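The listed protein sequences derive, respectively, from chains Y and L. Using the numbering used here, you'd call the opening residue of the first sequence number 1 and step up by one each time. Using the numbering used here, you'd call the opening residue of the second sequence number 1 and step up by one each time.
Hints were generated in silico from the structure; no laboratory data involved. Treat the numbers as computed from the prediction; the structure is a model and nothing was measured. Hints are supplied without guarantee of correctness; some may be wrong.
Unchecked claim - Once the Cα atoms are required to be at most 20 Å apart in a straight line, the calculated SDA-like pairs of lysine to any residue come out as:
{"id": "1", "chain 1": "Y", "residue 1": "K57", "chain 2": "Y", "residue 2": "N30"}
{"id": "2", "chain 1": "Y", "residue 1": "K71", "chain 2": "Y", "residue 2": "N1"}
{"id": "3", "chain 1": "Y", "residue 1": "K57", "chain 2": "Y", "residue 2": "R44"}
{"id": "4", "chain 1": "L", "residue 1": "K81", "chain 2": "Y", "residue 2": "P106"}
{"id": "5", "chain 1": "Y", "residue 1": "K9", "chain 2": "Y", "residue 2": "P83"}
{"id": "6", "chain 1": "Y", "residue 1": "K9", "chain 2": "L", "residue 2": "G40"}
{"id": "7", "chain 1": "Y", "residue 1": "K57", "chain 2": "L", "residue 2": "S3"}
{"id": "8", "chain 1": "Y", "residue 1": "K9", "chain 2": "L", "residue 2": "T44"}
{"id": "9", "chain 1": "Y", "residue 1": "K9", "chain 2": "L", "residue 2": "H38"}
{"id": "10", "chain 1": "Y", "residue 1": "K9", "chain 2": "L", "residue 2": "G41"}
{"id": "11", "chain 1": "Y", "residue 1": "K57", "chain 2": "Y", "residue 2": "L69"}
{"id": "12", "chain 1": "Y", "residue 1": "K57", "chain 2": "L", "residue 2": "P92"}
Said to hold, decoys possible - Short derived list, chain L residues pointing at chain Y, Cβ under 7 Å:
{"id": "13", "residue": "G31"}
{"id": "14", "residue": "P43"}
{"id": "15", "residue": "F87"}
{"id": "16", "residue": "S91"}
{"id": "17", "residue": "F101"}
{"id": "18", "residue": "S103"}
Built from N, CA and C at the ideal position, the CB exists for glycine as well.
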Amino acid sequence: NAGVTQTPKFQVLKTGQSMTLQCAQDMNHNSMYWYRQDPGMGLRLIYYSASEGTTDKGEVPNGYNVSRLNKREFSLRLESAAPSQTSVYFCASLSVGSYNEQFFGPGTRLTVL
Amino acid sequence: GQSLEQPSEVTAVEGAIVQINCTYQTSGFYGLSWYQQHDGGAPTFLSYNALDGLEETGRFSSFLSRSDSYGYLLLQELQMKDSASYFCAVSPPTGRRALTFGSGTRLQVQP
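In isolation and in its complexed conformation, chain L is listed as follows (with noise of 0.2 Å):
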């Protein structure tokens, strides 16, 4: 089976840097995938980590490292725009590229 943990909530502050961890057990997987969801709204992607290392998309980084079973989503220069839940996801590495999501971090910026 495959388990995702994420920090229920972040709090940060307009024009700051935040970090999303996301902690995994799986037999195996593709990559690690990053999902936005605004309130009343659907996931939307954001970023995908197919191998180790750090993947930057514009104001948002994520990083995987596979043999610490972690990775994280950086968000930089921090919008109002961005409070939202942040999921993380994981496909197997067979069979039919369903993903499971992790529980979701709630991420509230400040003024």
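Next up, chain Y with everything else stripped away, as it sits in the complex (with noise of 0.2 Å):
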């Protein structure tokens, strides 16, 4: 049982360069969440999926899309990267049941020069 893994872990882009990062989750959860986090900062919802084919924004939406391509994959895709862009981002998906207890990846640390 891996829970949520990440890939990359670590990512470094030239402005306007376009990645997709990965995640997926192994314990059969139905919501799954992509955070953002900046230094000395909390963590910002940027998209959500409540269950497999339904995906909504959340407080940062721009500048990414996502796909839940299946139940246990959401992955999160920055078209054109900007250095505002520049963090570390986290994947994470909801215990089912719970309305607080989230399972965090590792994350991945993205630079964009």
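Assembling the complex is the task here: the two chains are given apart, and the hints tell you how they should meet.
Following this line, the structure appears as structure tokens:
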């Protein structure tokens, strides 16, 4: 049982490049989330998916797109990276029957030059 | 909307007790959660208060008072490994169940 996994762990992009961050969970959770965390700050919600086939915007969705490929996988895409998107990105899933216990992946540390 | 405020830093001595406060402004929520995050690591769930009062989990306790829009995390018998950032979080009463996090309190435990 790996929990929530994310790839890659680290990435450096140049402004304007695109990339996809991958996330998968093996806990049979319905809801999945993408957050970003900037230095000294809490996590801010980018997008979430309440169930397979549905996605919705969070607090800071501009510049990102998501795909809920199946129940296990939820990917985040940066179409044209900007330096303001330099951050640590965390994927999370919500424990079934819970309102508050989220399980987080190890994070992707992204630098945009 | 929802907003949560926490002190940015707290310092305490090994073996002591420390309280990390969280005040919030929200139109409603299911409960108050606490997460721990070590440097370079992912947040991990610590505790959850659905109702007012104190919840105890080992050395950690969490408290909620909805009437005062206030909660706290209490850490007892501090250990060096407790040095980390602690975040309070709430989720809205309807819809997406996505958490809104406070900006976090960095706890430094000194020998």
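Cross-check of the supplied hints:
1. For the hint linking K57/Y to N30/Y, the alpha-carbon distance of about 17 Å falls within 20 Å, and the restraint holds.
2. Among the hinted pairs, K71/Y with N1/Y is consistent with the structure: their alpha-carbon atoms are about 16 Å apart, no more than 20 Å.
3. A distance of roughly 12 Å separates the Cα atoms of K57/Y and R44/Y; the hinted pair therefore holds under the 20 Å criterion.
4. Taken as a hint, the K81/L and P106/Y pair is honoured in the structure, with Cα atoms around 19 Å apart against an allowance of 20 Å.
5. This hinted pair checks out: K9/Y and P83/Y have alpha carbons roughly 18 Å apart, not beyond 20 Å.
6. A distance of roughly 11 Å separates the Cα atoms of K9/Y and G40/L; the hinted pair therefore holds under the 20 Å criterion.
7. Of the supplied pair hints, the one linking K57/Y and S3/L holds, its CA atoms being roughly 18 Å apart against a limit of 20 Å.
8. This hinted pair checks out: K9/Y and T44/L have alpha carbons roughly 18 Å apart, not beyond 20 Å.
9. Of the supplied pair hints, the one linking K9/Y and H38/L holds, its CA atoms being roughly 17 Å apart against a limit of 20 Å.
10. With a CA separation close to 11 Å, the supplied pair K9/Y and G41/L stays within the 20 Å bound.
11. The suggested pairing of K57/Y with L69/Y holds, with an alpha-carbon distance near 17 Å, which does not exceed 20 Å.
12. A distance of roughly 15 Å separates the Cα atoms of K57/Y and P92/L; the hinted pair therefore holds under the 20 Å criterion.
13. The closest approach between the C-beta of G31/L and any C-beta of chain Y is roughly 6 Å, which is under the 7 Å cut-off, so the hint is satisfied.
14. With a cut of 7 Å, the hint placing P43/L at the interface with chain Y holds, because the nearest CB-to-CB distance is about 5 Å.
15. The interface hint given for F87/L holds, since its Cβ lies 6 Å from the closest Cβ of chain Y, which is under the 7 Å cut-off.
16. Residue-level restraint check for S91/L holds (minimum Cβ-Cβ distance to chain Y is 5 Å; threshold 7 Å).
17. With its C-beta approaching chain Y no nearer than about 4 Å, F101/L sits inside the 7 Å limit, and its interface hint holds.
18. Because the smallest distance between the Cβ of S103/L and any Cβ of chain Y comes to about 5 Å, under 7 Å, the interface hint for this residue holds.
In summary, the structure agrees with every hint in the numbered list given earlier.
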